[in-house]
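**Student:** The whole structure should be built from the sequences, with the hints applied where relevant.
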Amino acid sequence: MKNITIYNTLKSRLETVSFEFTVENTTWFDDVEGYEIYRIADAFGGLLIQETGYSYPILIDDASRSDIGNDQRKALALLHQQI
103 MKNITIYNTL
113 KSRLETVSFE
123 FTVENTTWFD
133 DVEGYEIYRI
143 ADAFGGLLIQ
153 ETGYSYPILI
163 DDASRSDIGN
173 DQRKALALLH
183 QQI
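Sequence positions in the sequence shown follow the working numbering and run 103 to 185.
The reader is advised that the hints may include incorrect statements.
Using C-beta positions, here's what the derived DEER-type ranges look like [said to hold, decoys possible]:
id, residue 1, residue 2, range
1, Asp133, Lys113, 29 to 37 Å
2, Leu112, Asp133, 14 to 22 Å
3, Arg175, Asn105, 26 to 34 Å
4, Tyr158, Asp133, 15 to 23 Å
5, Asp132, Ala179, 16 to 24 Å
6, Lys176, Asp133, 17 to 25 Å
Everything labelled a hint here was simulated from the structure, so no lab data went into it. The C-beta atom is built at its ideal place from N, Cα and C for all residues, glycine as well.
**Tutor:** Below, the structure written as structure tokens:
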């Protein structure tokens, strides 16, 4: 496990957590024009969404990859609803 910094939407703050992105818990996306989601992962009872670039993954509570069908557009919409 690695220590990573995430933005927790429930706590409205950054926090350091122990987590490892693996093929079992993460979906990576190719760089597709128009979508800016790098990866999504099931973690901590929610969904970690990370945009491309040097941004922190954002934890969305009560969501999962299966809830959004591993869809990059739905992940982006969910992210915009939360922030």
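**Student:** Any hints this thing doesn't respect? Which numbers, in order?
**Tutor:** Those not satisfied come down to hint 2.
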